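Top line first, the protein sequences correspond to chains A and B. Take the first sequence: its position 68, counted from the start at 1, is 112 in the working numbering, and no numbers get skipped. Take the second sequence: its position 571, counted from the start at 1, is 623 in the working numbering, and no numbers get skipped.
Treat each hint with caution, since some may be false.
Stated by the list, open to error - If the Cβ cut is set under 8 Å, some of the chain A residues that face chain B in the computed set are:
#1 PHE48
#2 GLU63
#3 VAL67
#4 ILE162
#5 SER302
#6 GLY308
#7 SER312
#8 SER409
Claimed, not checked - Not everything, but these chain B residues come out facing chain A in the computed CB check (under 10 Å):
#9 ALA153
#10 GLU401
#11 ARG405
#12 GLU528
#13 MET569
#14 ILE572
#15 ARG591
To be verified - Calculated lysine-lysine pairs in the DSS-like style (CA-CA distance at most 25 Å, straight line):
#16 B:LYS622 with A:LYS93
#17 B:LYS622 with B:LYS586
#18 B:LYS615 with B:LYS514
#19 B:LYS61 with B:LYS92
#20 A:LYS408 with B:LYS622
#21 A:LYS407 with B:LYS483
No lab work stands behind these hints: they were computed from the structure. Computed from a predicted structure; not experimentally measured. Positions of the beta carbon are idealized from the N, C-alpha and C atoms, including for glycine.
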Amino acid sequence: MQKFYSEILQIAGDVITVEAENVSYKELAEIKTRTGISLAQVIRLEDKKVYLQVFAGSRGVSTNDKVRFLKKPMQVSCSENLLGRIFDGNGSPRDGGPALTDNMFDVGGPSVNPAKRIVPKNMIRTGIPMIDVFNSLVESQKLPIFSIAGEPYNQLLARIAMQAEVDMIILGGMGLKHDDYLFFRDTLEEHGALSRSVLFIHTASDPTVECLLVPDMCLAVAEKFALEGKKVLVLLTDMTNFSDSLKEIAITMEQIPSNRGYPGDLYSQLASRYEKAVDFEDAGSITVLAVTTMPGDDVTHPVPDNTGYITEGQFYLRGGRIEPFGSLSRLKQQVNGDTRSDHRAIMDRMIQLFADYRESIEKKSMGFQMSAWDEKLLKYGKRFENELMSLAVNIPLEEALDLGWKILSDIFDPTETGMKESLIAEYWPKK
Amino acid sequence: MKADLRKGKVVGVNGNMVAVEFEDNVMQNEVAYINVGDEKLKAEVIRVKGKRTDLQVFEDTVGIKVGDIAEFTGELLSVELGPGLLGKVYDGLQNPLNRLAEKYGFFLKRGAYLDALEEGEEWEFTPTVKIGDKLFAGEKVGTVPEKIFEHRIMVPFKLQGQWEIVEISPKGKYTVDKVVAKIKNEEGRTSDVTMLQKWPVKVPIEAYSKKLKPVDPLVTKIRIIDTLVPVAIGGTFCTPGPFGAGKTVLQHLLSRHAEVDIVIVAACGERAGEVVEILEEFPELIDPKTGKSLMERTIIICNTSSMPVAARESSVYTGATLAEYYRQMGLNVFLLADSTSRWAQAMREMSGRLEEIPGEEAFPAYLESRIASFYERAGLVKLRDGSKGSLTIGGAVSPAGGNFEEPVTQATLKVVGAFHGLSRDRANARKYPSIDPLDSWSKYTSFIESDKVANAVAILRKSQSVGQMMKVVGEEGISNEEFVEFLKGEFFDAVYLQQNAFDKIDEATTSDRQKYMFAIMDEIIEKKFKFTSKDIARRFFQELRQSFITFNTLEFDSDEFKKRESEIRKKLSDA
Numbered sequence: 045m046q047k048f049y050s051e052i053l054q055i056a057g058d059v060i061t062v063e064a065e066n067v068s069y070k071e072l073a074e075i076k077t078r079t080g081i082s083l084a085q086v087i088r089l090e091d092k093k094v095y096l097q098v099f100a101g102s103r104g105v106s107t108n109d110k111v112r113f114l115k116k117p118m119q120v121s122c123s124e125n126l127l128g129r130i131f132d133g134n135g136s137p138r139d140g141g142p143a144l145t146d147n148m149f150d151v152g153g154p155s156v157n158p159a160k161r162i163v164p165k166n167m168i169r170t171g172i173p174m175i176d177v178f179n180s181l182v183e184s185q186k187l188p189i190f191s192i193a194g195e196p197y198n199q200l201l202a203r204i205a206m207q208a209e210v211d212m213i214i215l216g217g218m219g220l221k222h223d224d225y226l227f228f229r230d231t232l233e234e235h236g237a238l239s240r241s242v243l244f245i246h247t248a249s250d251p252t253v254e255c256l257l258v259p260d261m262c263l264a265v266a267e268k269f270a271l272e273g274k275k276v277l278v279l280l281t282d283m284t285n286f287s288d289s290l291k292e293i294a295i296t297m298e299q300i301p302s303n304r305g306y307p308g309d310l311y312s313q314l315a316s317r318y319e320k321a322v323d324f325e326d327a328g329s330i331t332v333l334a335v336t337t338m339p340g341d342d343v344t345h346p347v348p349d350n351t352g353y354i355t356e357g358q359f360y361l362r363g364g365r366i367e368p369f370g371s372l373s374r375l376k377q378q379v380n381g382d383t384r385s386d387h388r389a390i391m392d393r394m395i396q397l398f399a400d401y402r403e404s405i406e407k408k409s410m411g412f413q414m415s416a417w418d419e420k421l422l423k424y425g426k427r428f429e430n431e432l433m434s435l436a437v438n439i440p441l442e443e444a445l446d447l448g449w450k451i452l453s454d455i456f457d458p459t460e461t462g463m464k465e466s467l468i469a470e471y472w473p474k475k
Numbered sequence: 053m054k055a056d057l058r059k060g061k062v063v064g065v066n067g068n069m070v071a072v073e074f075e076d077n078v079m080q081n082e083v084a085y086i087n088v089g090d091e092k093l094k095a096e097v098i099r100v101k102g103k104r105t106d107l108q109v110f111e112d113t114v115g116i117k118v119g120d121i122a123e124f125t126g127e128l129l130s131v132e133l134g135p136g137l138l139g140k141v142y143d144g145l146q147n148p149l150n151r152l153a154e155k156y157g158f159f160l161k162r163g164a165y166l167d168a169l170e171e172g173e174e175w176e177f178t179p180t181v182k183i184g185d186k187l188f189a190g191e192k193v194g195t196v197p198e199k200i201f202e203h204r205i206m207v208p209f210k211l212q213g214q215w216e217i218v219e220i221s222p223k224g225k226y227t228v229d230k231v232v233a234k235i236k237n238e239e240g241r242t243s244d245v246t247m248l249q250k251w252p253v254k255v256p257i258e259a260y261s262k263k264l265k266p267v268d269p270l271v272t273k274i275r276i277i278d279t280l281v282p283v284a285i286g287g288t289f290c291t292p293g294p295f296g297a298g299k300t301v302l303q304h305l306l307s308r309h310a311e312v313d314i315v316i317v318a319a320c321g322e323r324a325g326e327v328v329e330i331l332e333e334f335p336e337l338i339d340p341k342t343g344k345s346l347m348e349r350t351i352i353i354c355n356t357s358s359m360p361v362a363a364r365e366s367s368v369y370t371g372a373t374l375a376e377y378y379r380q381m382g383l384n385v386f387l388l389a390d391s392t393s394r395w396a397q398a399m400r401e402m403s404g405r406l407e408e409i410p411g412e413e414a415f416p417a418y419l420e421s422r423i424a425s426f427y428e429r430a431g432l433v434k435l436r437d438g439s440k441g442s443l444t445i446g447g448a449v450s451p452a453g454g455n456f457e458e459p460v461t462q463a464t465l466k467v468v469g470a471f472h473g474l475s476r477d478r479a480n481a482r483k484y485p486s487i488d489p490l491d492s493w494s495k496y497t498s499f500i501e502s503d504k505v506a507n508a509v510a511i512l513r514k515s516q517s518v519g520q521m522m523k524v525v526g527e528e529g530i531s532n533e534e535f536v537e538f539l540k541g542e543f544f545d546a547v548y549l550q551q552n553a554f555d556k557i558d559e560a561t562t563s564d565r566q567k568y569m570f571a572i573m574d575e576i577i578e579k580k581f582k583f584t585s586k587d588i589a590r591r592f593f594q595e596l597r598q599s600f601i602t603f604n605t606l607e608f609d610s611d612e613f614k615k616r617e618s619e620i621r622k623k624l625s626d627a
């Protein structure tokens with residue numbers, strides 16, 4: 045009964061066009077070329093013409109190759125068997141293990157009814173003061189790390205993943221360098237976390253189209269496990285590569301680009317992935333940590349810019365440290381009121397003083413006379429950078445808050461800090 | 053009715069745009085349904101070319117095939133208006149999200165639509181007219197109590213000319229679809245009045261006698277807004293800002309504290325989590341004016357970023373239509389749209405699929421006129437019974453890269469009455485609300501004397517320029533007097549313009565308290581201080597700021613407040 049179509053009308057980029065009937069939008073197809081069999085997905089219907097994006101790329105596709113429609117959309121298997129396994133973008137094993145076909149379900153399912161969402165209330169402790177104190181990470185948050193290429197963003201991602209208390213880790217690699225892929229795999233293995241992880245890896249040498257599938261695969265699996273009550277952490281690196289793949293396909297399809305060549309629906313495309321982060325009532329949760337590299341350290345580049353409007357904050361990684369300015373966790377207010385009564389005040393005031401420190405540094409570098417106040421700020425800033433900002437620091441939140449008070453009291457008078465008097469009475473270290 | 057639905061066949065699918073070949077005729081902007089298996093997907097006609105029409109589908113288009121059947125309804129995209137809207141949460145097409153959740157669980161099932169007003173719910177109707185009375189569209193025939201308001205049941209807005217009451221139901225309980233009055237016009241045509249009427253969302257409701265100029269200030273309880281860049285009742289304003297500048301927190305504060313009767317929040321293409329916060333908070337928060345839960349005066353339209361794009365556009369119109377409906381009842385309504393940029397992007401996506409010639413940054417050429425006509429739906433109106441109603445619209449704008457030169461911000465600035473520009477620098481320095489006090493503007497007047505406000509702005513400007521100067525010549529390069537002016541500006545900014553959104557008292561300042569506090573600020577700004585050195589001056593203002601930050605968190609006119617005030621006054625007179 046299976047019908048083959050063997051007349052390919054057009055090949056442009058990774059998109060091929062065939063004439064076929066009774067094909068539905070987003071359906072999968074199989075194309076047999078001389079190099080092997082590849083999956084493809086319908087991305088446009090126009091009368092009898094069917095446009096397919098070929099996962100393995102169009103190189104080597106001949107006009108008389110055979111196309112067969114599979115009568116189903118993109119699917120992924122989901123069961124305990126996934127744990128500890130590594131797949132590529134279209135769900136084929138990458139670790140030499142068997143292919144999984146049990147319990148298949150569609151990826152890219154419908155969005156969660158906002159009325160069924162709940163306000164997240166659990167803090168995820170990371171042991172990094174720049175996160176725990178100043179921008180607390182919250183279960184079900186979606187948060188990107190903005191950084192330029194070359195920063196240790198994958199290391200930071202791995203460290204948070206290892207220290208966070210979650211049931212499952214799902215790693216989605218997009219355009220990942222092969223050694224970064226090995227780094228993640230080895231780190232997970234060393235910490236004994238591989239057995240509760242699933243990896244979907246697209247490396248830089250794999251076909252572009254497969255990159256597009258990675259987030260959907262990861263999030264579909266995460267959703268299934270979260271519904272079963274698991275706390276899932278999804279790591280996506282790097283979403284800029286994902287966006288560039290979107291751009292490539294959009295241009296191939298002759299869509300009118302909106303900004304620097306990116307398609308007009310970039311925001312919606314990114315949002316539909318990030319918004320999968322959720323805390324289900326009476327079930328599990330999905331927390332999404334992603335990496336967005338900023339070409340030219342430019343936050344107004346369309347990818348970081350659109351991302352910032354979607355996610356619940358962002359961490360800027362610069363010079364190997366999480367930058368206090370611009371870094372933001374929008375959900376921190378949900379949790380930092382219940383930690384310790386001084387948490388919010390320390391958070392606000394220390395950053396404000398650090399901003400003043402930066403101004404003093406600027407003045408100093410221009411050769412101006414330093415006032416007594418400037419001198420204090422300079423001292424403060426140095427200690428803040430070394431004792432709190434450095435990623436080498438690994439201390440629990442409470443210790444970090446105490447350290448904050450200690451730094452303040454070593455340098456300033458209580459009134460200079462601008463803290464509420466009641467807090468000073470309670471926390472100012474007695475000498 | 054169902055039998056003679058006009059039909060068509062799908063001939064193409066491209067994202068959420070579906071091309072359909074039709075047999076008889078179609079109407080621009082009419083609603084159609086596409087049958088996919090046993091699901092019916094709602095769509096709207098947006099272009100007709102020969103015997104083909106392009107539909108924008110309000111759902112995911114996965115699985116649509118060439119040859120699938122489309123049915124045209126002959127109706128424009130409409131919303132249901134009647135008692136029972138308050139306190140509800142709807143999606144952009146007015147589907148009640150809570151009832152969808154009860155029925156379908158965690159996920160939004162494709163093709164599932166429910167009536168906006170609950171079927172079978174009864175309302176206590178009291179007639180206010182008698183047989184023989186003559187009315188125009190928008191005039192009331194009776195009232196029902198809805199939450200804390202008297203909900204007017206009106207002659208349908210679509211009826212033209214004068215109508216005479218021929219039948220009116222007695223006081224009693226009725227469902228929304230029951231006929232409560234029969235009316236007749238001069239030509240003898242009769243029409244039924246029910247508590248429910250439908251209205252197309254993209255057409256403004258204009259059943260009032262005239263539109264007036266907005267003058268009275270709307271008290272938002274945000275000091276920087278009320279004092280420096282006020283909003284008028286019935287006016288418009290926009291809040292552009294880069295991400296992370298606090299747009300949404302600001303909009304939430306406005307929706308909670310603004311002194312209006314009804315608030316409609318249109319969350320358009322933004323984060324779902326933010327809507328959830330409103331959903332959890334509002335029922336718990338008590339409106340000081342009415343003593344009831346805030347949810348009783350609120351309607352939420354929520355089409356978050358992962359929900360279908362096409363419904364994003366309709367969500368702002370749905371919000372505006374519900375707002376206009378309550379304005380017809382002589383109420384002050386406040387519509388907050390977050391964010392209009394997402395709505396503009398939805399237009400851009402569709403325009404791209406239609407292969408229209410793009411304008412700047414690929415936005416369609418009609419962007420400006422669409423934005424203008426949306427904000428024009430705001431206004432203070434005189435109703436036919438002489439009472440007044442108003443609709444104030446505030447739109448958040450999310451400019452790409454935080455750059456206000458982009459098309460959506462620019463098109464918006466042309467039509468609004470106030471501009472609250474959020475600044476990334478202020479947000480980075482944790483100065484909230486991060487409205488830039490010098491770049492922002494308002495065409496409306498504040499409840500605080502304008503020459504005093506001008507004085508305060510002058511000191512801010514001076515302070516900023518001294519600050520700039522110090523960066524070049526250093527602290528030693530400026531006089532003590534200039535340094536004090538610098539400190540005055542910084543002080544005014546820190547304790548008056550900035551407000552702590554997480555403090556119960558400081559988050560909202562009543563107009564009385566603002567007037568009182570501003571008078572103190574004015575004294576300090578006017579006062580001639582004599583400091584012998586810059587360090588002493590800095591010290592003085594640091595301490596003064598310290599006192600004020602606590603002062604701001606004390607209840608107005610309480611003993612503690614008075615005590616703190618006298619301490620501050622003493623400190624000032626000693627200086």
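task = Against the earlier hints, flag every one the structure doesn't satisfy and list their numbers going up.
result = Going through the list in order, the structure violates hints 1, 2, 8, 13, 14, 16, 18, 20 and respects the others.
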